[in-house]
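Participant: The chain contents come next:
Number of protein chains: 4
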Amino acid sequence: MSRTADTWILAAQCPSRLGTVDVVTRFLKEQRCYITEQHSFDDRLSGGFFIRTEFRPPAADFEGEAFRAAFVDRAAEFDMTFELTAPGTRMPVVIMVSKADHCLNDLLYRYRTGQLPIEIRAVVSNHPDLEPLAVWHGLPYHHLPITPETKAEQEARVWQVIEETGAELVILARYMQVLSSDLCEKLSGRAINIHHSLLPGFKGARPYHQAYDKGVKLVGATAHYINDDLDEGPIITQGVEPVSHADYPEDLVAKGRDIECLTLSRAVALHVERRVFLHASRTVVFDR
Amino acid sequence: MSRTADTWILAAQCPSRLGTVDVVTRFLKEQRCYITEQHSFDDRLSGGFFIRTEFRPPAADFEGEAFRAAFVDRAAEFDMTFELTAPGTRMPVVIMVSKADHCLNDLLYRYRTGQLPIEIRAVVSNHPDLEPLAVWHGLPYHHLPITPETKAEQEARVWQVIEETGAELVILARYMQVLSSDLCEKLSGRAINIHHSLLPGFKGARPYHQAYDKGVKLVGATAHYINDDLDEGPIITQGVEPVSHADYPEDLVAKGRDIECLTLSRAVALHVERRVFLHASRTVVFDR
Amino acid sequence: MSRTADTWILAAQCPSRLGTVDVVTRFLKEQRCYITEQHSFDDRLSGGFFIRTEFRPPAADFEGEAFRAAFVDRAAEFDMTFELTAPGTRMPVVIMVSKADHCLNDLLYRYRTGQLPIEIRAVVSNHPDLEPLAVWHGLPYHHLPITPETKAEQEARVWQVIEETGAELVILARYMQVLSSDLCEKLSGRAINIHHSLLPGFKGARPYHQAYDKGVKLVGATAHYINDDLDEGPIITQGVEPVSHADYPEDLVAKGRDIECLTLSRAVALHVERRVFLHASRTVVFDR
Amino acid sequence: MSRTADTWILAAQCPSRLGTVDVVTRFLKEQRCYITEQHSFDDRLSGGFFIRTEFRPPAADFEGEAFRAAFVDRAAEFDMTFELTAPGTRMPVVIMVSKADHCLNDLLYRYRTGQLPIEIRAVVSNHPDLEPLAVWHGLPYHHLPITPETKAEQEARVWQVIEETGAELVILARYMQVLSSDLCEKLSGRAINIHHSLLPGFKGARPYHQAYDKGVKLVGATAHYINDDLDEGPIITQGVEPVSHADYPEDLVAKGRDIECLTLSRAVALHVERRVFLHASRTVVFDR
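For the protein sequence lines, the chains are A, B, C and D, in the order given.
Here the first sequence stands for residues 1 to 288, numbered as in full-length UniProt numbering.
Here the second sequence stands for residues 1 to 288, numbered as in full-length UniProt numbering.
Here the third sequence stands for residues 1 to 288, numbered as in full-length UniProt numbering.
Here the fourth sequence stands for residues 1 to 288, numbered as in full-length UniProt numbering.
Just so you know, the hints here were simulated from the structure itself, not pulled from any lab data.
Just so we're clear, the structure is a prediction, and the values are computed from it rather than from any experiment.
Do not rely on the hints blindly, as some may be mistaken.
Which stretches of chain C does chain A cover? Using the computed rule of at least three CB atoms under 8 Å from a CB of chain A, they are [to be verified]:
id, stretch
1, 109-117
2, 243-252
Distance condition first, Cα-Cα at most 30 Å in a straight line; then the derived DSSO-like pairs of lysine-lysine [as the list claims (entries may be wrong)]:
id, chain 1, residue 1, chain 2, residue 2
3, B, 255, C, 203
4, B, 186, C, 214
5, D, 99, D, 151
In silico negatives: residues of chain C with every beta carbon more than 12 Å from chain A [to be verified]:
id, residue
6, 17
7, 122
8, 154
9, 155
Positions of the beta carbon are idealized from the N, C-alpha and C atoms, including for glycine.
Isolated chain A, as found in the complex (with noise of 0.2 Å):
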């Protein structure tokens, strides 16, 4: 039995103060919930508490609703949101491509394969190139071109495919066009980005020529929430892989496409488990 087969997330944030961990811990204790694994974290910079717990329920007859209800009163009190997440479950998922499909390709072999406990329920793309692909995963493909003059209309049907599909997140995998402010805003803190190089050096366009013009022995690529300010978003993950002299602009390009990969599916890996907590500009994550 895998190790989360049967265990329930809660994940929550509020302002700091004395009683955060124990308003958590007590009510779980009070519910008979057994705590397999349990993160908090108090940003002393900042005043934010954060905590994330796996538990057992008593019985396998747990109702996630009654919990809820019944925890939704003493978190108030502590100006606490949370999140509970039922064992199982799978987050639907929009995601957006242009013309390169090696993140594509990574995401739905862990998709199909149940590595990702995601649940794909479309692939938008500006350009009609990777529709095999996604067809052959049994996908809807959504192609919507975008120019400059149409691009509000573009993002208009984007949106509209993302609330059509219900999706809760939204993952950037080499879409490689700048989202409006108005779309970025909408999508705060569930849609996450991948940037192939270190951020933030290397903003922008063609990073990894810019990568080679510095002469860098290291490359890398960054997964981020979007936010207004492009290629600024609040950092998850970051990868990195060691380059020589003898590699040009597309040996780096070459090289960085696994470490794209794997930067971006561990994004989305500790997104959709609730390892991930957004505050201001900084995300606190609480990996195994």
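Position chains B, C and D against the provided structure of chain A, taking the given hints into account.
Facilitator: Leaving out everything else, chains B, C and D in the frame of chain A:
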């Protein structure tokens, strides 16, 4: 101010049972202690529970002894053992070495600059070579030669040094001698050895030469608690370093030095920060 | 243009002797070939010499056959064996699998997108499970079940596939069957296996479960040429991944998949780019 | 016997042209020198050629001067610059520091134990703090304070130390002062600085604090040749270390120390082993 300059650490373990987290966190709340960081883990396969809490006490005149005394009964209900560590505590340590000085040098540097919260009380060696290094750092150096005939006697003197200095931790920083079962038992859970291989691969002598013969592409080091079963004690940390065909055995020895130092000092830091829990033949490590 | 789109590769090895580099480089100069990258290594302990040269020919109509014919006598003076590889060469390959699909999926992706200069001619398996994956990529799939009684016969059919497809390399992408000595010998130096441990640690079956029992803090994978001595063939690449106490055996299995894929595909890339030289029980690898 | 105890190094570079490898290897053959390891690289984009050869001479009484004199004309035909380095050569070095001692301590240890083939002639600092450390190692310590007003004068005295000691390499081991353009130029290609970030990210002061503000999940260090453009000199080595939300700026400073030491000492080793070639704003590094 450093992250932990004003935080106490409570580390505890006991058999798995409902309420193990609550008994700790409820008490801390009652004592008006503010939890800044907490990890807990319940080992499903072995039925062991482990918790580590960093907290700020309600006032500067917080009395550790009173806290301890008040908690001991509650802990007993759960067969829970615990340790309470005050901020600024420096664990008394004896370091044992042979002729190789890289790990000793590294530990002394971290000790001298306050990076490791330890108090080195003595350096013990079966060779005289490293005395100047110890002396420059103002440390007593006990040269206790060993032969097959004098092993029991030598170990008795080693034990005497440990006892007299009040050492709570013994670091075998490339000591290169096998301790007797008797001494292993006395030091159970409080002696850390560095082995220059990725255990359980290449147990025994000259692991880098074994690694060369096998043509491996990675060499490594393992820091572990010693036990009666040579090179089989519970592993705390492991580190790794890529090597190539151009590395002869003596190059592997040289390349391995850095990773040995890092792996050992990391294990010592984790131990003295009470992040390591020993449980049968394995460890639970709550890293940051 | 990609780095190697117009470069030929000359890879050679012979016993150590004065003039081994010169015999290669002088010839290239005479042929007006421009060396873009060269590595040579002389193994002091075993007395073997290895050289790999990438070069641009003087004109687009460069004749590999003529070059080969002209060099063969000079090479013979040094008992030198060599291979000349034209730009754009794709090595014919047969992949053998069992039920686990992660390595196959990874290789197919790299093949389909041109990242690996291979030409997959067939997929062979003792199970039917992965046929759809092969078929979607337009590849013949040979389901050749095996039992202790039919092993010889099954291997004969495997060998037939290898022969008929003209495969120069066989990739055991988690095939999970031990090949007979006879087949190992036939495939000497041209069959690469991925083992899911840091060999020589955890040889044999269920290495992740062995790793869990030992409480290691790193798991890894090893790609190696097969030979008659199970899990002891010459190592090409090794990869590693940190794990923790919170990873149960099934988590180690899951965590290991990525490093298995990367380690195997890296080994295949090195092999087909003629960067690996086999020499007794070890390899010389001229990585970029 | 160590790998390089009896091998000479010939390192050369010149503009790309047919015959650049041959001019070196033919000469070595004529001189009956046995090549044990060779790397060459031709940079397609910039048109530069680089070669590094380790060789064993035909006899113990091999005359470097005669070799050099005989090769100089041939090299001239190719506008080739070259350096010949005898086995056992220890490059004379001056180390410059400020108050932080970790890099100095690390370099002194490697120097003292013969791991780095350097001869430290002096330690220069704008502060008195590290004098005892230098003195224990038997090294002259020049305390040369600096103020905006006295900068020119101080640099003149620094230069005097470099000149008088015959230093061929200056190591800025966290010197924390910006050198004048004039001094940078004098030290072009022979002064290595360690910057505590993954350049070009986080240039300038307090990079760990910048990194904290950005919420990065990796911190790093960069060793580079200094040039007139602050923190923009050609990169030799880069290292990286994972960090988490629980690392405050002072924790990043602490965590970064190890990677700074390793990155700097690695760069120094590569430089003194003649593995680094400077070419415009980039380096070619022939690592093992």
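Participant: Could you run down the list of hints and mark each one as holding or not?
Facilitator: Each hint, compared with the structure:
Residue count for the stretch 109-117 of chain C with a Cβ under 8 Å from a Cβ of chain A: 3. That meets the three needed, and the coverage hint holds. Given a C-beta distance limit of less than 8 Å, the hint that chain A covers the stretch 243-252 of chain C holds, as 6 residues qualify and 3 suffice. In summary, the hint linking residue 255(B) to residue 203(C) is supported, as the alpha carbons are separated by about 25 Å, within the 30 Å threshold. Distance check on the hinted pair: residue 186(B) and residue 214(C) sit about 23 Å apart at the alpha-carbon level, within 30 Å; holds.
The suggested pairing of residue 99(D) with residue 151(D) holds, with an alpha-carbon distance near 18 Å, which does not exceed 30 Å. Listed as a non-interface residue, residue 17(C) keeps its Cβ farther than 12 Å from every Cβ of chain A; the least gap is roughly 29 Å. The Cβ of residue 122(C) sits about 20 Å from the closest Cβ of chain A, beyond the 12 Å cut-off, so the non-interface label holds. Residue-level check passed: residue 154(C) sits 27 Å from the nearest beta carbon of chain A, beyond 12 Å.
Separation of residue 155(C) from chain A is adequate, the least Cβ-Cβ distance of about 29 Å exceeding the 12 Å criterion.
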